[in-house]
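Number of protein chains: 2
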Amino acid sequence: MSNTNHYVYAFGSTRTEGDASMKNLLGGKGANLAEMCRIGITVPSGFTISTEACTAFTEQGRERLVDLIREEVLQGIAFVQGEMGKKFGDAADPLLLSIRSGARASMPGMMDTILNLGLNDEAVIGLARKANNERFAWDSYRRFVQMYGDVVMGLKPVSKEDHDPFEVIIDMVKDARGVKLDTELDAADLKELVQRFKSLIRARVGRDFPTDPWEQLWGAVIAVFESWNNPRAKVYRELNDIPQSWGTAVNVQAMVFGNLGNTSATGVAFTRDAGTGEDQFNGEFLINAQGEDVVAGVRTPQQITRLGSQRWAQLALVAESVRRSQYPSLEELMPDLYQQLLAAETLLENHYADMQDLEFTIQEGKLWMLQTRNGKRTGAAMVRIAMEMLDQGMIDEKTALKRVSPERLNELLHPVFDATALQSAKVIARGLPASPGAATGQIVFFADEADAWVKQGKTVVLVRLETSPEDLRGMSVAAGILTARGGMTSHAAVVARGMGKCCISGAGAVHVDLKARQLIIGDLVLNEGDWLSLNGSTGEVFQGKIPTREAELSGDFGKLMALSDRYKKLEVRANADTPTDARVARNFGATGIGLCRTEHMFFTGERIVAVREMILADDKAGRRKALAKLLPMQRSDFEGLFREMNGLPVTIRLLDPPLHEFVPHDDANQRAMAADMQVSLGKIKMRVEELHEFNPMMGHRGCRLGITYPEVTEMQARAIIEAALNMRHQGLTVKAEIMVPLVGTVREFTLQADVIRQTAAAIFAERGEQLDYLLGTMIETPRATITADDIARQAEFFSFGTNDLTQMTLGFSRDDANKFLPEYLKQGIYERDPFRSIDQQGVGALVDMAVRKGRQARADIEVGICGEHGGDPTSIEFFHRTGLDYVSCSPFRVPIARLAAAQAALD
Amino acid sequence: MSNTNHYVYAFGSTRTEGDASMKNLLGGKGANLAEMCRIGITVPSGFTISTEACTAFTEQGRERLVDLIREEVLQGIAFVQGEMGKKFGDAADPLLLSIRSGARASMPGMMDTILNLGLNDEAVIGLARKANNERFAWDSYRRFVQMYGDVVMGLKPVSKEDHDPFEVIIDMVKDARGVKLDTELDAADLKELVQRFKSLIRARVGRDFPTDPWEQLWGAVIAVFESWNNPRAKVYRELNDIPQSWGTAVNVQAMVFGNLGNTSATGVAFTRDAGTGEDQFNGEFLINAQGEDVVAGVRTPQQITRLGSQRWAQLALVAESVRRSQYPSLEELMPDLYQQLLAAETLLENHYADMQDLEFTIQEGKLWMLQTRNGKRTGAAMVRIAMEMLDQGMIDEKTALKRVSPERLNELLHPVFDATALQSAKVIARGLPASPGAATGQIVFFADEADAWVKQGKTVVLVRLETSPEDLRGMSVAAGILTARGGMTSHAAVVARGMGKCCISGAGAVHVDLKARQLIIGDLVLNEGDWLSLNGSTGEVFQGKIPTREAELSGDFGKLMALSDRYKKLEVRANADTPTDARVARNFGATGIGLCRTEHMFFTGERIVAVREMILADDKAGRRKALAKLLPMQRSDFEGLFREMNGLPVTIRLLDPPLHEFVPHDDANQRAMAADMQVSLGKIKMRVEELHEFNPMMGHRGCRLGITYPEVTEMQARAIIEAALNMRHQGLTVKAEIMVPLVGTVREFTLQADVIRQTAAAIFAERGEQLDYLLGTMIETPRATITADDIARQAEFFSFGTNDLTQMTLGFSRDDANKFLPEYLKQGIYERDPFRSIDQQGVGALVDMAVRKGRQARADIEVGICGEHGGDPTSIEFFHRTGLDYVSCSPFRVPIARLAAAQAALD
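From first to last, the protein sequence lines are chains A and B.
Heads up: the first sequence at position 178 corresponds to 178 in the working numbering, and the numbers run straight through without jumps.
Heads up: the second sequence at position 708 corresponds to 708 in the working numbering, and the numbers run straight through without jumps.
No wet-lab data here; the hints were simulated from the structure.
Hints may contain errors.
It does not matter which identical chain is meant; a pair holds if it fits inside one copy or across any two.
What the hints assert, rightly or not - Below, in silico cross-link-like pairs of lysine to any residue (SDA-like), each with a Cα-Cα straight-line distance of 25 Å or less:
#1 Lys685 with Asn669
#2 Lys685 with Glu466
#3 Lys826 with Ala617
#4 Lys515 with Leu691
#5 Lys398 with Thr591
#6 Lys398 with Ile861
#7 Lys683 with Ala509
#8 Lys515 with Leu681
#9 Lys683 with Gln518
#10 Lys685 with Gln518
#11 Lys180 with Glu192
#12 Lys853 with Asp789
#13 Lys620 with Gly508
#14 Lys683 with Asp513
#15 Lys515 with Glu690
#16 Lys683 with Gly508
#17 Lys620 with Lys826
#18 Lys234 with Gln794
#19 Lys826 with Arg757
#20 Lys398 with Gly28
#21 Lys23 with Asp279
#22 Lys826 with Gln794
#23 Lys156 with Gly126
#24 Lys174 with Leu775
#25 Lys515 with Val688
#26 Lys198 with Gly622
Keep in mind it's a predicted model, so treat the numbers as computed, not measured.
Start from the sequences, fold in the hints, and give me the full structure.
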């Protein structure tokens with residue numbers, strides 16, 4: 001800590017020491033206040049005590065800090081007095097101050113704001129007289145004592161169940177007066193409140209409320225610095241990788257008042273529409289009000305622009321005459337001040353080259369800007385603003401790309417609830433936001449019934465304890481899926497994301513009673529057929545029907561995607577199992593299929609019968625017979641995929657899941673299967689029992705199936721190669737990539753590769769033609785990453801299956817991790833859910849090692865990733881750095897991945 | 001291949017070109033034959049065609065090979081003719097030859113031996129005349145045609161179900177003669193057989209049987225070289241890492257005959273007792289017989305020494321007079337030849353400095369040695385011979401250590417079946433040899449009933465589909481355990497090995513019908529109470545009762561262990577959960593406990609009630625209440641361990657398994673639990689359902705429990721520290737090491753370490769005393785190995801949990817892997833079962849990385865391993881190389897580990 005630097009940075013109309021670049025020293029708020037002053041915006045004067053003072057406080061304590069900065073603070077106050085023409089502590093016309101913390105990054109848990117500091121029993125009288133408004137003065141004083149008592153003197157509720165002690169007193173006084181609203185209390189009431197607040201403070205804290213404004217000021221400053229070190233703030237920083245050493249700044253600023261009568265007002269404004277992105281200045285204000293009144297919603301705020309006011313009136317069904325008289329815009333009401341505000345917003349947006357969120361106060365006809373910051377906006381607004389600012393020459397391409405958060409594109413890609421209907425909807429449960437979008441439909445509990453209901457023209461939401469591959473058909477026709485169990489990468493979640501279908505998983509409060517066909521949440525009982533609505537983007541479950549609408553992809557979206565493609569280095573493929581998926585993926589800009597899960601083709605229609613026949617077969621001959629039935633179906637599946645992806649690579653994974661996923665586990669379905677297949681129930685039960693696994697994730701699956709049943713690999717290889725040849729005959733360009741799953745040793749790969757190559761050679765001989773195809777493997781066991789060099793000598797491509805690789809590296813079952821993962825995230829054991837965003841230090845290190853070893857052994861090996869992480873922006877940034885060739889993700893995440901890949905390439 | 005070297009190496013009394021050191025060139029058999037000649041042993045002359053000739057054959061083909069070696073072979077035959085005084089191909093007195101393959105390492109699947117080569121329709125008459133024994137001559141000819149027809153001309157059964165075509169003919173002729181034994185066929189019959197054999201060969205092969213001895217010779221030599229490249233031999237070499245390039249040698253040697261009358265004999269002998277190791281020459285012989293007759297068991301062989309003969313007579317209840325007249329020893333019958341044999345065995349044992357297994361033939365009063373090799377022996381004999389030869393100065397300490405195969409010590413440590421009773425026992429099923437030893441007892445199907453039956457004084461074998469922790473008590477009282485499911489590291493297997501109790505797991509043919517209380521194997525049905533016997537060392541299941549006896553640890557065993565300890569670098573600790581285990585381990589020489597699984601203490605008696613109360617508790621307060629009941633019990637457990645291990649380190653692992661292992665999963669037991677605990681059945685069922693996991697191996701277990709329920713960690717830490725202090729008060733030296741399981745990130749460790757350190761500090765404050773203890777972690781997730789440096793900065797020791805690390809690195813569930821692992825081993829995907837012997841390339845690479853990273857971060861970190869691999873000699877060799885401080889294994893494997901550690905240190 002340097003003692004030669006100063007700690008206090010003034011800002012105002014005559015002198016400003018900071019600027020926007022000094023966020024580290026002055027915090028975000030302080031730096032922006034200084035910047036506004038620099039470019040000529042009228043801001044109440046003040047000064048910022050720097051973050052270095054905070055560090056000095058942490059390291060050297062209160063006494064030493066006060067010694068260090070006392071002189072500068074005195075000078076700062078003198079500067080503010082000079083600018084504002086009032087004196088701090090003056091009983092007749094007191095300068096009042098606001099004290100706000102302001103760190104580099106906004107941080108919950110820290111002290112926020114104290115207003116009206118400087119008031120005491122004498123000054124309040126001077127203020128009343130000067131403002132000619134006794135109620136205003138006492139209300140200001142009341143607010144100050146309450147805030148200061150809370151955050152500086154520590155008068156908080158003693159437990160979660162306890163009430164705010166100040167609010168308790170307010171309620172008592174209101175009861176005594178027989179009134180309901182704070183605004184109905186008069187000056188005398190407020191005066192009484194101040195007295196009672198002070199008594200409470202004395203009783204609880206054992207000290208009098210400080211009457212000396214300087215004592216108040218130092219108390220507030222120290223409180224801000226102390227709040228930097230409170231436990232909640234510390235944990236937050238740990239979890240968000242914010243160094244403890246950063247410290248917070250303190251902003252001390254002159255108060256201005258919007259509640260001094262009808263020439264005063266206060267408001268918030270956006271330089272563009274935060275909802276749509278439209279380049280239209282907009283905002284709300286209230287005459288004779290303070291900032292918090294705008295938010296409190298007691299009075300209806302008025303619109304700032306005439307256009308905004310007219311639009312509002314249309315929606316609110318207010319006649320133009322009524323609007324003009326009762327809800328005039330600022331543009332109409334105070335045209336001069338409106339022009340000043342317009343000039344300020346234009347100046348600020350141009351200056352920051354981004355949409356600004358502004359706070360302003362008009363005090364007795366004079367406009368003060370209190371804050372500017374980059375405005376929050378919807379995903380749609382993000383895209384539109386970035387593209388329009390690029391068109392307007394305000395920002396360059398790279399900046400435009402960085403302005404859009406990839407994750408927010410989700411909002412543009414999925415249906416959303418009708419905003420008006422949503423306002424009155426009731427959240428009855430919460431689960432994991434497993435797959436985004438909105439859905440509304442009638443409850444069904446069984447997948448086959450979902451199908452039946454939909455055929456009757458109904459819209460359904462499928463509610464299950466958990467889903468299994470048997471539910472695929474029902475899931476695909478349902479509007480949305482709700483499961484009581486399972487995590488973000490449970491079967492339901494993964495499949496739903498693949499389908500781009502709304503899904504909430506792991507809604508723990510939901511009990512499903514299949515017998516009674518009831519969904520029970522606490523006391524609430526919903527029956528089959530009742531309406532239910534799901535917001536898969538937030539995890540909220542609503543009772544009843546809420547209309548949804550499809551989001552449209554605007555032209556700006558297309559422009560953003562084209563721009564992304566110009567910058568990104570990673571290719572983006574999609575995980576798609578059906579021609580429909582493939583078409584969606586291609587529309588979203590996928591340049592290939594990175595993962596086709598062939599087993600998903602095993603469930604539809606009569607295929608499952610042949611699959612089960614294979615599973616029940618006693619020997620290879622029996623299996624071959626059943627596989628022969630599957631061959632034409634699989635071949636036609638692949639033909640459909642190759643057709644859709646004409647010219648682009650299609651990576652097909654051989655059978656992966658354990659066989660028990662294909663047989664029924666309940667008695668009723670086993671009986672049905674026995675009847676269908678004309679075998680004894682006993683035989684089916686015995687086979688199902690044989691297939692039981694303790695840890696199916698690590699059981700008999702992946703290439704282990706192909707090794708023990710090479711005839712399955714043979715059939716699949718034949719279906720792929722024959723389909724490819726057939727499509728080439730139709731003039732299409734086919735790029736087939738055959739992928740062996742779950743390889744752990746190179747010998748597993750070569751054994752499977754031998755089967756595939758021999759099958760292909762046999763077909764080539766039969767048909768007298770050849771075909772180029774790639775033969776590679778998924779890298780999804782830790783052992784495969786360790787021996788990636790050996791494997792790369794045999795395999796032509798790698799595709800990282802980071803879902804399984806994460807499970808095995810961390811030892812987390814993704815379906816079970818919800819029992820401890822929330823606690824793990826809370827305690828900062830993992831920064832992010834490792835199934836959503838790749839664990840770079842652990843799993844990532846293995847990926848990195850495998851890429852290096854793989855390329856050493858085969859320089860031109862194609863390397864991609866097809867786990868869930870392929871659609872996660874943070875992970876994509878990692879994959880870019882690691883030098884992968886492509887990521888592959890759900891079709892609906894392809895646009896997100898394209899943008900994320902572009903952003904990764906910018907850094 | 002060098003053309004300047006020669007390919008043929010003669011051996012005999014006048015000239016010998018090879019010696020024992022030339023195994024690579026001459027194969028084991030050829031090198032030993034040459035060595036015997038060199039040291040003056042009488043051996044039928046011959047020559048060895050070197051492995052280089054085999055390579056030339058493989059690379060350049062038959063024609064070229066014959067060109068290369070023809071001249072030398074001619075010279076070789078001439079040499080043999082000169083030595084033996086007979087001529088190859090001579091019709092009157094033919095030199096007959098034996099042709100044998102002989103590679104560096106013995107290898108099944110290759111051609112073995114052809115005897116009597118050189119015979120044809122003329123020579124057989126000369127042989128008959130010369131030997132004055134027509135039957136002998138025709139029998140020799142019959143054998144030759146049969147062997148040659150089989151291995152050179154390829155007349156084998158056409159399928160597995162088919163019979164040996166030659167044996168079919170023999171049976172036909174015997175039927176026609178009305179006789180049962182081959183020996184009952186006379187010369188004419190044998191002559192007929194030869195004719196019919198030749199006809200069969202002509203019909204099947206389309207060629208006549210060769211009559212030219214030279215053609216016979218070349219055919220046999222080429223057949224040996226071809227057999228090197230047959231598919232079965234190739235696969236065997238691949239699986240055993242034997243280079244294809246080694247090649248085999250061919251030994252061509254003059255025939256001698258022990259069946260030329262009463263001055264001829266043949267026999268086998270051992271220089272020491274192969275069963276007990278006693279330094280006593282022994283063996284068997286038959287007068288007027290060929291080698292195979294000794295093995296065939298048609299006649300009762302006689303003993304070579306008088307002492308052996310007398311001992312045999314005692315066992316066989318043969319009176320001394322009868323013995324002397326009917327079964328005299330060679331020592332008595334042919335004292336001169338016996339003295340020659342004795343001189344030879346002494347010379348050979350001294351020469352090779354190891355117990356020899358000899359073959360000899362006496363032809364008309366002349367002794368010929370046919371073979372010498374290091375004799376196979378029991379584990380007990382291994383130990384005794386090594387220690388006695390060391391005492392006798394024949395070998396040095398290092399050689400003595402290397403002479404004992406660690407795995408074979410098992411035979412000394414566990415009960416074994418009575419050998420006589422075993423002979424008539426019937427194997428009814430086979431499973432995995434999960435835990436060695438022999439057991440016999442009455443079948444019970446339920447663990448609690450095992451307990452009840454044993455209390456009634458019965459001996460039981462517990463038969464289960466699989467076991468679970470609830471079965472612990474029953475397992476501990478049973479004589480042996482048989483499970484139908486599960487692998488070598490299933491619950492049953494691991495627990496049984498820990499207890500040193502006989503166990504066979506995964507006996508797939510065994511069906512268990514719990515309702516009927518029956519064990520069904522094919523058509524065989526055994527009921528509860530029926531007798532069953534298990535050989536846990538071989539995996540054999542026997543019907544009925546077979547008496548067992550405890551093996552005793554002889555003084556030689558103790559000497560071997562002391563010797564091991566002088567050489568080994570690795571410490572050997574034991575995995576022990578109870579004071580009894582600890583005592584056994586200490587007796588076996590463990591120098592610490594490397595793993596105490598605290599959860600095993602949770603099952604006994606009333607503890608399980610408290611554990612379940614904790615699991616059912618709704619909140620932390622409820623859990624604390626239940627834990628308070630467990631505290632004194634755990635503390636006394638630890639006191640017992642510390643007492644037994646006074647002065648030695650005791651590593652205690654905190655609670656590891658998922659909580660559902662502690663609750664009952666069947667309705668009856670759930671009802672019992674509800675009644676016991678006075679809660680509703682519904683509540684229990686709901687909690688059990690909540691605890692259900694898809695992949696429990698990767699679920700809510702290990703330190704994940706301690707993180708979500710820190711009060712459990714707190715209780716266990718308190719129990720450990722208080723127990724340690726209490727024992728120190730009794731004057732004992734306590735070295736406690738507290739181990740946090742399943743750590744994946746350093747933060748998991750530090751969070752748990754904080755709880756433990758705070759608990760310890762609180763106890764120190766309460767009691768006013770301090771205690772040193774180590775705080776470390778298991779390294780068992782791949783992620784922990786990757787971040788081992790981070791973890792080592794916080795943890796004071798590492799203990800590799802290689803069971804789980806193997807599961808996660810390979811993605812194998814050990815309980816499910818039996819569905820594909822046998823196939824994987826067969827196909828050479830893994831050389832050895834990775835749960836028995838550590839996968840060095842995969843899992844081993846992670847261990848090695850973690851050790852290096854760990855030591856970089858903390859140079860003096862203690863590093864051990866406590867998985868099943870800690871008791872596997874091959875793995876121990878790896879751990880030695882990797883620089884671990886100790887291995888920890890089941891108490892019963894401690895001696896094995898000590899010896900293996902010593903052997904590792906020798907290399």
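Quick rundown of the hints versus the structure:
{"no.": "1", "hint": "Lys685 with Asn669", "result": "both (11 Å within a copy, 24 Å between copies)"}
{"no.": "2", "hint": "Lys685 with Glu466", "result": "both (22 Å within a copy, 18 Å between copies)"}
{"no.": "3", "hint": "Lys826 with Ala617", "result": "between (49 Å within a copy, 22 Å between copies)"}
{"no.": "4", "hint": "Lys515 with Leu691", "result": "between (27 Å within a copy, 22 Å between copies)"}
{"no.": "5", "hint": "Lys398 with Thr591", "result": "within (23 Å within a copy, 65 Å between copies)"}
{"no.": "6", "hint": "Lys398 with Ile861", "result": "neither (31 Å within a copy, 50 Å between copies)"}
{"no.": "7", "hint": "Lys683 with Ala509", "result": "between (39 Å within a copy, 16 Å between copies)"}
{"no.": "8", "hint": "Lys515 with Leu681", "result": "both (23 Å within a copy, 18 Å between copies)"}
{"no.": "9", "hint": "Lys683 with Gln518", "result": "between (34 Å within a copy, 19 Å between copies)"}
{"no.": "10", "hint": "Lys685 with Gln518", "result": "between (29 Å within a copy, 19 Å between copies)"}
{"no.": "11", "hint": "Lys180 with Glu192", "result": "within (17 Å within a copy, 125 Å between copies)"}
{"no.": "12", "hint": "Lys853 with Asp789", "result": "both (5 Å within a copy, 22 Å between copies)"}
{"no.": "13", "hint": "Lys620 with Gly508", "result": "between (44 Å within a copy, 20 Å between copies)"}
{"no.": "14", "hint": "Lys683 with Asp513", "result": "between (30 Å within a copy, 15 Å between copies)"}
{"no.": "15", "hint": "Lys515 with Glu690", "result": "between (28 Å within a copy, 19 Å between copies)"}
{"no.": "16", "hint": "Lys683 with Gly508", "result": "between (37 Å within a copy, 16 Å between copies)"}
{"no.": "17", "hint": "Lys620 with Lys826", "result": "between (52 Å within a copy, 18 Å between copies)"}
{"no.": "18", "hint": "Lys234 with Gln794", "result": "between (51 Å within a copy, 21 Å between copies)"}
{"no.": "19", "hint": "Lys826 with Arg757", "result": "between (50 Å within a copy, 22 Å between copies)"}
{"no.": "20", "hint": "Lys398 with Gly28", "result": "within (23 Å within a copy, 74 Å between copies)"}
{"no.": "21", "hint": "Lys23 with Asp279", "result": "neither (28 Å within a copy, 90 Å between copies)"}
{"no.": "22", "hint": "Lys826 with Gln794", "result": "between (44 Å within a copy, 21 Å between copies)"}
{"no.": "23", "hint": "Lys156 with Gly126", "result": "neither (30 Å within a copy, 121 Å between copies)"}
{"no.": "24", "hint": "Lys174 with Leu775", "result": "neither (78 Å within a copy, 60 Å between copies)"}
{"no.": "25", "hint": "Lys515 with Val688", "result": "both (24 Å within a copy, 19 Å between copies)"}
{"no.": "26", "hint": "Lys198 with Gly622", "result": "neither (89 Å within a copy, 42 Å between copies)"}
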